[in-house]
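Listed below, chain by chain, are the residues.
There are 2 protein chains.
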Amino acid sequence: MFKVRVLNHEIIEEILDMKQVIGAVEKVYTSKAEKKAELFPMVFHEFERGVADMDIKSGHLADADIFGLKLVSWYGENTKKDLPMLIGTTMVFDSITGKPIGILNAGHVTGMRTGAAAAIGAKVLARKESENLLMVGTGHISSFAIAATLIAMDNIKKVRIYDPMNIEEAKKLLASIGEELEKEFLSKYQGSSMYDEIKAKFDVEFELVEDIEKATSLSDIILTATPAREPMIMKDWVKPGTHISCIGADMDGKQEIDENIFAISRVYVDDLAQAISVGETEIPIKSGAITRDDIIAEIGDVMIGKASGRTSDDEITVYDTTGIALQDLMTSKLVLDIAEEKDMGTVVDL
Amino acid sequence: MFKVRVLNHEIIEEILDMKQVIGAVEKVYTSKAEKKAELFPMVFHEFERGVADMDIKSGHLADADIFGLKLVSWYGENTKKDLPMLIGTTMVFDSITGKPIGILNAGHVTGMRTGAAAAIGAKVLARKESENLLMVGTGHISSFAIAATLIAMDNIKKVRIYDPMNIEEAKKLLASIGEELEKEFLSKYQGSSMYDEIKAKFDVEFELVEDIEKATSLSDIILTATPAREPMIMKDWVKPGTHISCIGADMDGKQEIDENIFAISRVYVDDLAQAISVGETEIPIKSGAITRDDIIAEIGDVMIGKASGRTSDDEITVYDTTGIALQDLMTSKLVLDIAEEKDMGTVVDL
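Here the protein sequences come in this chain order: A and B.
Using the numbering used here, you'd call the opening residue of the first sequence number 1 and step up by one each time.
Using the numbering used here, you'd call the opening residue of the second sequence number 351 and step up by one each time.
FYI, nobody ran anything at the bench for these hints, they're computed from the structure.
Small disclaimer: the values here were computed from a predicted structure and weren't measured.
Here a beta-carbon is modelled for each residue, glycine too, at the ideal position from N, C-alpha and C.
It cannot be assumed that every hint is accurate.
[Unchecked claim] A short, non-exhaustive set of chain A residues, derived as facing chain B with CB atoms under 7 angstroms:
#1 MET1
#2 LEU83
#3 GLY98
#4 ASN105
#5 LEU174
#6 THR346
#7 LEU350
[Claimed, not checked] Partial selection, computed: residues in chain B whose CB lies under 7 angstroms from chain A:
#8 LEU433
#9 ILE437
#10 THR439
#11 LEU700
Using the sequences and the hints, build the whole thing.
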């Protein structure tokens, strides 16, 4: 009989703060580069093409003494049933004994670790003095990505928001983002010494943009988080020195930026195999815009000093973050540890 | 937020009865044959060879509107830590919406469905009038396999018990099996109309055997459940009309019976791909004793009338049951339904 902690969405939302998640995802990247973490093969099954599918992503983080999996299902018709389209569950096991230790709703952790990943791309690869951030896409992930990038960077002054599909969505995000940052992200630091620092970082100007070409040319950092299958940002619009973190592509055929941008950029990925098969990097390689050898490194290699990052202020850098199970596992372990300390969640006998 | 039922070992042990599990596993076999059930690729990871590993087996049972997975870890050193070597957890999801519905300790279900599978092999392939059962191996699975086979067959009069490694273990099982059958299996039917029937079926003679050659020649049905890597039962000892259910082989290199038995038998499996890669069927094919085409069918094909089973009383039949995730999922769904009805287990918000 094992004591296993079960954490639902609300508890995880209450527990996690973005700075910690950035730290957890950074740890995953460096552990992976040091070969202390590995991904297992993904299981993917389509119940019906375009209607419902599921995947099981799993891996081992030797550094953190855990292994585990995240199962995510996507049911396109679920909204009609008042259910979320994406439903995820994470299971964490102790890799010293094989014991189950935690079961978590995967939704909030996925949002947090995805935003953190995009921000780490900027932190590692963008110019330190970057002031202008452009958020392309205004879905669920956008506020996580904006919050994380504002926290990870020191000099952002303006955040432009663009939605390729629906300007109304962009207007909604523009109207709510200030309050969202305060309520969902800043509030976690109430009473902490970091509160003032993060409050100051969140004190930026937000602007809705309709002209993506112009907005691109004004940006130091661009984050893309859309389900696009056609490029929205073209090569000639990107100014020297820009950093782009591509979040959206997680399936073959998805593409957010012009593949020719890859040919003039220093390209980094979270996981080589996954980026090439399902990430933003897939199309540039398939189209011949770049070859596999043109990818400079996994980002963890830059972080441990095994590969070089940006080498000059006028280079364009691209970070393709496809999202790996290790991020979910490490972040979940973080939540579990905090929940244990605070005696939160439900402990069940399994 | 989802309501998910969590069931631990004790509750599952209390709920499940063997007749129901035999029914559930039969349903899996026929659904699979009717293409209403499918296995997903297995994930296997060795943390350290011969020391610790884990696998994730998953699949979809369209017939039962569920999909899910079983994660099993094996840690050889766990006994020193007073922990089980094998630890398993099953997760069941609703395949109409993708919602998680249950999380179960996988141990007891694994024992029950494994015993049931061996018994179904006998039920489908052995001669109806079989009286003499030989159990080879006296580990954890043996009492499940004996109970299930006594329930599934109508005329067993004698059960011989043989342990290839340690006669003391066989003596222990001989001393305890009567009480075990009563306490752990028959007790489930207390107050039911089936009680007397099953009590009568359990009323058999048990005998310890040391001479496996002689015991083999006296047996109508042989069940093998050992971790053997060398054959224990040789071709020339097996009398015409015998049925053998091989349970033990679940990894390449494992072998319980002489590969030449396959050459003179009608051979059936639970899952073709899995039997050939890790089951008892692996060695006979690798050694050339039989070819893939010599395997008559998956057992489900016999059950739905798509393939023929035993065609005469003097044929030898072999059933290689490797164990598939669908058995765990279907049996787990059965437990979950009963637990819901009886309001057992812990319902958590996930």
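Hint-by-hint comparison with the structure:
| no. | hint | in the structure |
| --- | --- | --- |
| 1 | MET1 | 6 angstroms, holds |
| 2 | LEU83 | 6 angstroms, holds |
| 3 | GLY98 | 3 angstroms, holds |
| 4 | ASN105 | 5 angstroms, holds |
| 5 | LEU174 | 29 angstroms, violated |
| 6 | THR346 | 5 angstroms, holds |
| 7 | LEU350 | 5 angstroms, holds |
| 8 | LEU433 | 6 angstroms, holds |
| 9 | ILE437 | 5 angstroms, holds |
| 10 | THR439 | 5 angstroms, holds |
| 11 | LEU700 | 5 angstroms, holds |
Checked against the numbered hints given earlier, this structure breaks only hint 5.
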